[in-house]
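Chemist: Using the hints, position chain B against chain A.
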Amino acid sequence: MTRKFVVYLILIGLAIFTAFPFLWTLLVSFKTRGPIFSIPPDLSLTGFSLANYSGVWKTLPLPRYALNSLYIAAMGVSLTLVICSLAAYPLARMQFWGKNVVFYAILGTLILPEHIGLIVNFITMMRFRLVDTYAAVYLPSIASIFGIFLLRQAYLSIPQELEDAARIDGAGDLTIWWRIMLPLTVPALATLAIFQFVAFWNSFLWPVIILKTPDKYPLAAGLLYLRGLFAYNTRYIAAGIVIATLPVIVVFLFTQRYFMRGLTAGAIK
Amino acid sequence: MPVRPVPKPSAARGLGHALNPSGARGSGRRTTVVAYLFLLPALALLAIFTFYPVIFGTVLSLFEYDVINPPRYVGLQQFQRLLSDRYFWIALTNSAKYVLVVPVIQLCSILLAVLVNRPLRGVGAFRAAYYIPVITSWPVVGIMWTWMYDQQGVVNWVLRGLDLVARPISWLNHPTITLYAVMFVTLWKGLGWYMVIYLSGLQAIPVEYEEAAMIDGASRSRVFWHVTIPLLRPYVLLASLLSTMAAVKVFEEIYVMTRGGPFFSTYTMFMYIFDKAFEELNMGYAAALALVLAAILLVLSVINFRMFRRGGLEWY
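These protein sequences, in sequence, are chains A and B.
For the first sequence, the residue numbers in this note's numbering are 1 to 269.
For the second sequence, the residue numbers in this note's numbering are 1 to 316.
Looking at chain A on its own, in the form it has when it is part of the complex (with noise of 0.2 Å):
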């Protein structure tokens, strides 16, 4: 009995540990009074108001971010989900020429410095003329190497009797992979957007590289430049911080399960 009271203290001493910036953050986006650094800190609730968010929404960009990054994630979702269950098609269910050559290269990419993409995708994309647009934002990722793995999987453990019988049936390649093989691989896909969500909702090296216009920053990028510029309004930056970061806490608390099991289904089979 004593041995499980230490362990949940355990427990609980690290939650607070991994808890309390973010904590400490929501009470002073709650505070119009008192110092924000001291010590000890100012734990109390005087002059709790909501005015910090209608004052940072209002009076900052902040709606403006949030947009982008909802349309950026949006975008970039749907499509990572659209090209990685073609792509993860054929290199489950199919035999064909060069299979894998194929399927050793997408695996090497893993690899490949990403560090040299961000030069060279700069200057990619200057010559495409897509420097501080959207697309340039989303597009370099979208092939997920990950997602096509993940997707694979699901794909392989699809019996074989279903294809057989809907090409009895007289279905066509394009037919069986809409109709027959993509709704049966739903539980991957939601992993797969979450997890993609996720990224994209937190980016913020590469728009701030290829984005030249602040006013098209997604919420992470933003907040980040909003700190630089209004060094001293803590508390506004602090209601922002919330508003930036509440959502993705959210989808991970309602998605956990996809979140876990996500992260280790890699290549096994």
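Just so you know, the hints here were simulated from the structure itself, not pulled from any lab data.
Every residue, glycine too, gets a C-beta built ideally from N, C-alpha and C.
Hints are not guaranteed to be accurate.
Said to hold, decoys possible - Covered stretches of chain A (in silico footprint by chain B; criterion: 3 or more residues with CB under 8 Å from a CB of chain B, positions within the stretch not fixed):
(1) 62 to 68
(2) 180 to 186
(3) 241 to 250
Claimed, not checked - Chain B residues, not near chain A, derived (Cβ > 10 Å throughout):
(4) Thr-32
(5) Asp-85
(6) Thr-176
(7) Tyr-209
(8) Arg-233
Said to hold, decoys possible - Cβ-Cβ distance ranges computed for the label pairs, FRET-style:
(9) A:Pro-35 - B:Leu-107: 33 to 39 Å
(10) B:Gly-261 - A:Leu-229: 17 to 23 Å
(11) A:Pro-35 - B:Met-214: 51 to 57 Å
(12) B:Tyr-52 - A:Val-6: 53 to 59 Å
(13) A:Val-6 - B:Leu-300: 34 to 40 Å
(14) A:Leu-130 - B:Pro-70: 41 to 47 Å
(15) B:Asn-173 - A:Lys-4: 41 to 47 Å
(16) B:Pro-70 - A:Leu-110: 32 to 38 Å
(17) A:Lys-4 - B:Phe-278: 28 to 34 Å
(18) A:Phe-17 - B:Leu-37: 30 to 36 Å
Modeler: Quick look at chain B alone, frame taken from chain A:
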């Protein structure tokens, strides 16, 4: 953090079989055409944004290129320049130092995984809590921790309360401490991610092994060190590989908290590459730096892969 797949360590073994699952359609010319049509969009994007950068990046390292004027061929000059470039060596040293975070983060996350791998009521909620930093964006993490590290901030309050420091420390503005303060944030954000890898490793260990050892009279700690850890070895190697590579190319935490300061004490390779490429628009030199970093990463992954092959796969 980019979302990366975590391949199961036992993956390579079954690959040959998985490529030719029984019952897949036989290859004909038509099937081949159809297959490539399905693959086309993904392959085109990968070719442009993943393969081409490696080739073009290599070529670019032989040129001086500032985006505006046409590239000028300089041969290997930029690599020679590297050798006498003070900032290159500072950046390389700091990136190497950053690898210190790897053993700490791995040990902590193994212990954490063992802790949450028990059938306790509410343990799922704790796992979720530890995972939240992983899904938080770097700008948010960086801003929050800048506040935590303030002279009058929470970290100093806690340390003063425990009587560990005499006066408040300016954590992000100290030439020797700042690098370690940033590493601590890496630890804070990464713990949950590695915890999940180890958790899946722990769950793959048949309970019988640990039970048998217990029946033979081994203590809990002996079981942990002599049964659990050896069985976890492939996972430890995999996670260490990922973690080492992430440490060598550390960037986000630096960029959002210190931008390399104070006095270049947290200036890492990736930070230097970023500055050269996007602050100075010196693309050729940045490409040369990026190639050096890529070479280091490649060597690391080969070393790790060899260890991984030798020590990892036979266990199961």
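Chemist: Does each hint hold? Answer for all of them.
Modeler: These are the hints, each one checked on the structure:
1. Only residues whose C-beta sits within less than 8 Å of a C-beta in chain B count toward coverage, and the stretch 62 to 68 of chain A has 0 of them, not enough to reach three; the restraint is violated.
2. Residue count for the stretch 180 to 186 of chain A with a Cβ under 8 Å from a Cβ of chain B: 0. That is fewer than the three needed, and the coverage hint is violated.
3. For the stretch 241 to 250 of chain A, the proposed coverage by chain B is satisfied: 5 residues have a C-beta within less than 8 Å of a C-beta in that chain, meeting the threshold of three.
4. For Thr-32 of chain B, the requirement that its beta carbon stay farther than 10 Å from each beta carbon of chain A is not met, with the minimum near 4 Å.
5. Every C-beta of chain A lies more than 10 Å from that of Asp-85 of chain B, the closest at about 17 Å, which supports listing it as non-interface.
6. The Cβ of Thr-176 of chain B sits about 23 Å from the closest Cβ of chain A, beyond the 10 Å cut-off, so the non-interface label holds.
7. The non-interface label for Tyr-209 of chain B is consistent with chain A: the shortest C-beta to C-beta separation is roughly 20 Å, beyond 10 Å.
8. Against the 10 Å criterion, Arg-233 of chain B stays outside the reach of chain A, whose nearest CB is about 17 Å from its own CB.
9. Judged by the Cβ atoms, the range 33 to 39 Å given for Pro-35 of chain A and Leu-107 of chain B holds: they are separated by roughly 38 Å.
10. The hinted range of 17 to 23 Å is satisfied by Gly-261 of chain B and Leu-229 of chain A, whose Cβ atoms lie roughly 19 Å apart.
11. Here the CB-CB span from Pro-35 of chain A to Met-214 of chain B is close to 54 Å, well matched to the stated 51 to 57 Å.
12. Remark: the range hint 53 to 59 Å for Tyr-52 of chain B to Val-6 of chain A is upheld by a beta-carbon distance near 56 Å.
13. For Val-6 of chain A and Leu-300 of chain B, the Cβ-Cβ distance of about 39 Å falls inside the hinted range of 34 to 40 Å, so the restraint holds.
14. About 21 Å separates the C-beta atoms of Leu-130 of chain A and Pro-70 of chain B, a value inconsistent with the hinted range of 41 to 47 Å.
15. At roughly 44 Å, the beta-carbon separation of Asn-173 of chain B and Lys-4 of chain A lies within the given 41 to 47 Å, and the hint holds.
16. In this structure the supplied range 32 to 38 Å holds for Pro-70 of chain B paired with Leu-110 of chain A, their Cβ-Cβ distance being about 35 Å.
17. Take Lys-4 of chain A and Phe-278 of chain B: their Cβ atoms lie about 53 Å apart, and the range 28 to 34 Å is violated.
18. Phe-17 of chain A and Leu-37 of chain B have their C-beta atoms about 52 Å apart, which leaves the hinted 30 to 36 Å range violated.
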